[in-house]
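As a plain string of letters, each chain reads:
2 protein chains.
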Amino acid sequence: MATRDGFYFDNGTAALQHGLKCAGAISPPNNITGKETQPYDVIIVGAGYAGLTACRDLCIAGYNVLLLEARDRIGGRTYTAEVDGHLYEMGGTWVHWNQPHVYREMSRYDLTALLPSHVESSSPNYCATSFEGKHQNVDQMKLHAMTEKAFKMLCDVDGKSGREVLPYPHNPHHNPKAKHWEQMSVAQRLDQIKAALTGDELAALQAHLSSICGIDMDKAGLFDVLRWWALGGYTMDGLYETGDQFKIPTGQSNFARCFFEESLQSHHLKYSFNTVVTSIQDQGNRVIVNRTWSAKRVICAVPLNVLRKVAFEPALSPSKMAATRPGNINHGAKVHLEASSSALRSWSCASWPPTRVCHGSGDGLTPDGNTHIVCFGSNKDFLRPEQDAQDFAADCQKLQDMDIRKTVWHNWSKDPFSEGSWCMFQPNFSFQHLKALQQRAGNILFANSDWALGWRGFIDGAIERGGRAAKDVSSELDTFRKPAKI
Amino acid sequence: MATRDGFYFDNGTAALQHGLKCAGAISPPNNITGKETQPYDVIIVGAGYAGLTACRDLCIAGYNVLLLEARDRIGGRTYTAEVDGHLYEMGGTWVHWNQPHVYREMSRYDLTALLPSHVESSSPNYCATSFEGKHQNVDQMKLHAMTEKAFKMLCDVDGKSGREVLPYPHNPHHNPKAKHWEQMSVAQRLDQIKAALTGDELAALQAHLSSICGIDMDKAGLFDVLRWWALGGYTMDGLYETGDQFKIPTGQSNFARCFFEESLQSHHLKYSFNTVVTSIQDQGNRVIVNRTWSAKRVICAVPLNVLRKVAFEPALSPSKMAATRPGNINHGAKVHLEASSSALRSWSCASWPPTRVCHGSGDGLTPDGNTHIVCFGSNKDFLRPEQDAQDFAADCQKLQDMDIRKTVWHNWSKDPFSEGSWCMFQPNFSFQHLKALQQRAGNILFANSDWALGWRGFIDGAIERGGRAAKDVSSELDTFRKPAKI
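Line by line, the protein sequences give chains A and B.
Here the numbering used here is used: the first residue of the first sequence is 1, the next is one more, and so on.
Here the numbering used here is used: the first residue of the second sequence is 1, the next is one more, and so on.
You may find that some hints are simply not true.
Simulated pairs of lysine to any residue, SDA-like, Cα-Cα distance not exceeding 20 Å [said to hold, decoys possible]:
{"no.": "1", "chain 1": "B", "residue 1": "435", "chain 2": "A", "residue 2": "109"}
{"no.": "2", "chain 1": "A", "residue 1": "471", "chain 2": "B", "residue 2": "310"}
{"no.": "3", "chain 1": "A", "residue 1": "471", "chain 2": "B", "residue 2": "112"}
{"no.": "4", "chain 1": "B", "residue 1": "435", "chain 2": "A", "residue 2": "112"}
{"no.": "5", "chain 1": "B", "residue 1": "160", "chain 2": "A", "residue 2": "141"}
{"no.": "6", "chain 1": "B", "residue 1": "471", "chain 2": "A", "residue 2": "115"}
{"no.": "7", "chain 1": "B", "residue 1": "160", "chain 2": "A", "residue 2": "109"}
{"no.": "8", "chain 1": "B", "residue 1": "177", "chain 2": "A", "residue 2": "115"}
If you're looking for bench data, these hints aren't it; they were derived computationally from the structure.
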């Protein structure tokens, strides 16, 4: 099976392929016969992890569910492409046993064997840096110490490594004092600490922050960086181990299929892919989607930046609408390279100011014995699929002489069904909008990682929100059920 | 509602009360009419968190479930007693967002607000120590540094803080090299490192280890200590923050009720408390429990040390039977004290060799403004309820002059339905027995925290096992279901 999504550029043949082999592509693309009894119990809009989790929970609870998805595949901003026998995670990738919602699912589906991304080896394990235009290969341990010092200084907003300001990372607004920091941009915080850092330390930190935030430092909210820091146990090592190290060996799309297939096995799932939802009308006693399907409840699981493309009746509350602009500000790019030989297995790179690439590192070997390198970069010049890959690869080659065989990527920023990468907020956004984003509107509930409490922007956050929405819906609909005969 | 479980000794009146107010006590104690259609889909034996999770998952999936429990309450080795308006966690207590299975449930039930147990205050925050007979009040920061140094040395079995031996704490047997350490007792490992420690450092470490293991150091397996260490992120602070700090403010019994009540609301739950299961016969096409009830599947959720009290037909496999002796070796005691005034709010104590108490610390204030102190101790002399509390309190008073108003406790070791505290294994046990304990026997599945993969012995581990068993059962029974009419 293949999805229309994703690009693959072969440097040998200079051929560009749009659409990749993917276990998340669903065939047949719908199982609707037209004879279904309506209203459905629940219509779910969006088959990312939030929608899939809600779908699975409601299907196994015996509710009749219709799942609608604009793409030809499940997974939303997470899917696995297979190119020449190698798996590339095109979006959300890394998971960890300290991410509670996703790990509970991995545990339940017996998918807890993990594959580390970044390993030490006897290969060159320096970091190719470009800091303020100066190229240098830096020992990774040395760069790690520099970055860690700077990162810790950034996040030590309270003399307690951020623990006082964010004591509960899954309850980000617990301490009202956090609001002070929540109004600050990353750039403003950098101004406060930069006198205590060397130029290289500051550049190393900004290269990392740039790959985390996917936007300029003056637009990125400090609070989201603090949140990641807190989720990682208030250390940089904890953050990268929890959020950037362990993959599911068989791929995210394989994991996502577990949710979809369990839903199907319940015999309660009807679905339709390639189906863009443009209207959701709550008529009080039922909700009508695209003037075609009706349900008692709708769970809208589309990303924040896509919400405004759906015509809601009644209109979304002003507080929710206000949150859709600017919404998720992360327009960072993720690009996979295959470089000849295994030599770069433990290599990494960091660049500040970023050209197109701001951070990259070896992520295993392909079946051909070449190195798989995963890179994150600025997306501002990422406009034309044909040109993107070559420009991006060229910027990587400025950092490290390498023979690039393949480039594999998805342009999340220009994707009409995501319009951005993992969710990051601008300053002064979370306290103002997070609650509004989580709120339901009558019979319409909203479930997406973009407004999760804990691992917002991660797969974990999607499952958190999907599970909560399903629980709320089933608690309500349950009251109409009849006792079973026992 | 009150449970028969638990003891409360009032020092003012010298009155001993057996049985305490508890939100986990279920009334009426059964809802069986005798007219139920048999076989049930599933009979679940044991209403601790493993049994409750399996019960909840299967009930909401529409299976007809019969839940049988020997006690008059839910929760197993976890329940909350209320005495004079204050909540005492009699068994399993602390939870954390890095415990994935339990946190997913807290998130789903919207119970993520947490209450810290041990806080710094302006009150005396020394640790009253008795190390090798020498009494001393030691500054807690100083003691912390001593204990941390020793603990780190204990667990640094690979020069990588245990990360090489136990890279995946939820997959404890991943590295075969772990087997070497798995065969070692804590005492043997202490012999390897003690030359590098002062007497006080060694004593401080052993006081902590004693409260973790609940048994003599020569009988406790090192591997379980390494496992806790790894689960806590390979640091002592991580371990205590994850496993010993955050409580559910409304109590564990309130949390456990969420599972029970959601099961009830499904209309698929029949239950009977005060019902000791003595026989489980798998007849191939169905399973008969206590020669009375029949089901397609049974999930046996009783603790490891109670397994041998159930007559299984066919008999349990030799590998599983072998694991029941010595089984869970943890016979540690947990005792709550109420001490006059708030002065001991930040106090702690540590004792090695332990008298009855080996470790204790302030755990908040009671409504009367007195200090709630939670203590862990050796259970070897913990034989007579009437005497226990006074002996234990007397040992605490040797460490710190305090006016004890109340003592509240449960004797888990002598409890016929637990025969031990949270599960710890002896040396050479995990590699040999863990897999056998997890294995099903025909139509009988086994779910208990005592053989969890990750947080074994914790609430998290119980939910892990209960969820997996329910998943396995529903995958099997699902194939007989008819398609819904949609």
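Output the indices of the hints that this structure fails to meet, ascending. 2, 6, 7
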